[in-house]
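Participant: So the chains spell out like this:
There are 2 protein chains.
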Amino acid sequence: MSLEANNPNRETWLDIPENTDFPIQNIPFGVFLTRDDIITIGTRIGDYAIDLGALHQLGYFEGIPLTDDIFLQDTLNDFIADGRKTWRSVRNRIAEIFDKNNDKLKNNEKDRKTILFTLDEIEMQMPVEVGDYTDFYSSKEHATNIGKMFRDPDNALLPNWMHIPVGYHGRSSSIVPSGIPLHRPQGQKLPKGADTPIFGPSRRLDFELEMAFITTAANHLGEPIKIEEAEEYIFGMVIFNDWSARDIQKWEYVPLGPFLGKSFGSSISPWIVTLDALEPFKAEGPKPEKELLPYLRTTGKKSYDINLQVALKPENSEETVISNSNFKYMYWNMCQQLAHHTVNGCPVNSGDMMASGTISGPTPDSYGSMLELSWGGTKPLKLNNGEERKFIEDNDTVIMRAHCQNHEVRIGFGEVSSKILPVFKD
Amino acid sequence: MSLEANNPNRETWLDIPENTDFPIQNIPFGVFLTRDDIITIGTRIGDYAIDLGALHQLGYFEGIPLTDDIFLQDTLNDFIADGRKTWRSVRNRIAEIFDKNNDKLKNNEKDRKTILFTLDEIEMQMPVEVGDYTDFYSSKEHATNIGKMFRDPDNALLPNWMHIPVGYHGRSSSIVPSGIPLHRPQGQKLPKGADTPIFGPSRRLDFELEMAFITTAANHLGEPIKIEEAEEYIFGMVIFNDWSARDIQKWEYVPLGPFLGKSFGSSISPWIVTLDALEPFKAEGPKPEKELLPYLRTTGKKSYDINLQVALKPENSEETVISNSNFKYMYWNMCQQLAHHTVNGCPVNSGDMMASGTISGPTPDSYGSMLELSWGGTKPLKLNNGEERKFIEDNDTVIMRAHCQNHEVRIGFGEVSSKILPVFKD
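In the order they appear, the protein sequences are chains A and B. For what it's worth, UniProt numbering labels the leading residue of the first sequence as 1, then goes sequentially. For what it's worth, UniProt numbering labels the leading residue of the second sequence as 1, then goes sequentially.
Next comes chain A alone, as it looks inside the complex (with noise of 0.2 angstroms):
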């Protein structure tokens, strides 16, 4: 099925901004609750927000099967696990409706009325029910650093990190969409030169850029997915911010690996923008270092070409852009994270989703995380407002924002932004 979705060329009758993130070219899914208290899946074009399950019901979709209530869910899995043929027919089609040329709904008001709402009567929801979500470690530039600050200097990276995808499995229950704010978690530390821990709150609470794909159902126990195939079965991406609390994680990851210092929350952007409409902007990732084992081999352009950006803004204060950077910096792709993550047989589902692990790139104003930007707290950054930041502080909101661009087209995710709350008082 071709993605006529993505033609540049298209342009939609309805209003939208200039430059937005969200032309008719995008098409992204998610899940909102409408001004009549419904959650529905819906899609977004400009700044209004389309429920996809009231288009269902008066028909716009007719001729592509679906169930009929495959779109007044409380999350997409089903939709994802329909599979890529239905997610293309159905973003096709919703760039018919949508387009300049069509007066089917255009001409309809009734239909218009029901069907589109603007952003302020909307509230985002989880797209996915995540049933089991994974985090990579893929940049390089980010474990060099991390090593470098950690462990030894002259060998920052582990032997195993060029030849393994390297990843973990991190906690489904505490994923929230842009908007929902975190406390400031407490854990057990171990104060500098104690050998007993002390119990409070994390004080260097830090965030981590990442972005993370979202899977249909892939394969069954058992079953390894080839990595020729593996693209076949990611339906899209999403922002992941992966809260971090570095004092917690440092007491806490050996031998079995990061737990409480990440599972207090973890934020995405809410809406999932399609690998379909990301097809324009493949691009071409680092060449492997050493030769991989043939499971791991791809070839062609398996990486994806977004700009990154983080800001921080303090309480009643202006945001300060403190990152800018690139998924192509990426050292493994997602094809060989799925390919990896499933060569011993382990079942991928519907819903399922897998953050790329820290993006860093190559000069320090486009490392992802404060420990790496501030350097462990040795080099605080300096704010718009004249204030400095080691780590995260109360109440400071952290913003990530994610778009393509080329010549004719910008695709975007939009956000994810979320403030951090004081520690939870009973």
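Just to be clear, a hint being listed does not mean it is correct.
Which copy is meant is left open, so a pair is good if it fits within one copy or across any two.
Stated by the list, open to error - Restricting the straight-line Cα-Cα distance to at most 25 angstroms, the calculated cross-link-like pairs of lysine-lysine (BS3-like) are: (1) K282 with K226; (2) K250 with K148; (3) K390 with K379; (4) K379 with K419; (5) K250 with K140; (6) K148 with K106; (7) K290 with K250; (8) K425 with K104; (9) K104 with K301; (10) K226 with K425; (11) K290 with K192.
Calculated directly from the structure, the hints in this document are not laboratory data. No experiment lies behind these values; they were computed from the predicted model shown.
Fit chain B to the known structure of chain A by using the hints.
Facilitator: What follows is chain B alone, placed relative to chain A:
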């Protein structure tokens, strides 16, 4: 509400085997496929499976506030979310219905035929949809054994171990009930002395003897569970075989913990034995050897005296019992695990599963993994059929059993039995 269902003097009108794991005092909960290909929630008394969906439809739970379809579901998640008062009411009522002094169902042949199944008529399913699965590392003997083998024999326990119930996130999608075979996983391994990994089948395939608890919806994002309240949120327990590929695990696990060495499969016993049924077997665990931070301090009996056994059965051969252990050896108890898990505000949902970590006792015949029993492969185990084993071979079946016994009653878990098949071929 009283624990009437635990009355050790009650007898049932059902014909049940002597010394069964499932006397009328047990009343576990599970999910099964019936002879009519319907999935239902049920319990077990002796060798009868009892259809709770049918019992409810026939009015036997009258007076207990339950939704109509609470037992007509594919998982126990919603029933568990109803909370302890409901679980107790239902368990007490089931005890009444099958009490030998109650003629109502006993004398109703038609109802009996609808409700009762023999074990060969049903197929056990996963009892819950596991939202998140956590694996702890709470046996001091196991952590010490592993530390001796892989790190420093003189400093086997890492500095954080005595202060933290160390845990990590595991993969929920590959947890399967007893009876489902697993393929030997493949993956990357580093041969001795090499600096480049090879790809192939795991040659150090192992089990881990664990118990897991299943939670109800416990807290909201940001809100820790107090240790005094932790027990309230534990529904029950199962036996948990945390299959492990030691060669894959060894190469991949630094610095972020176990991943593909574990995620190819975990096996559980299918009947959840409630914490209520285990009440008579409460026991003291080991005394903390270091002073604990206040949020981890417990008083009274917080462990359980559960006898554990592991048997290995080669294809077409008798089984050999290779380990006898007990859950009460665990250094950290379930209340400490749950309080720790949530102290940072991590939300715990109905159906989440938390495994203990390998349960090793003080003596070599009570170790909970092949890695320890054969001491890294240096002391092969002799089997009854004359063969030897360092690790698990193709077509071996590993069977784990668990039960509690006092002078009045035996409460058991049945078994988790799973066979290892050769590597998966397309």
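Participant: Check each numbered hint against the structure and report the violated ones by number, ascending.
Facilitator: Violated: hints 6, 8, 9.
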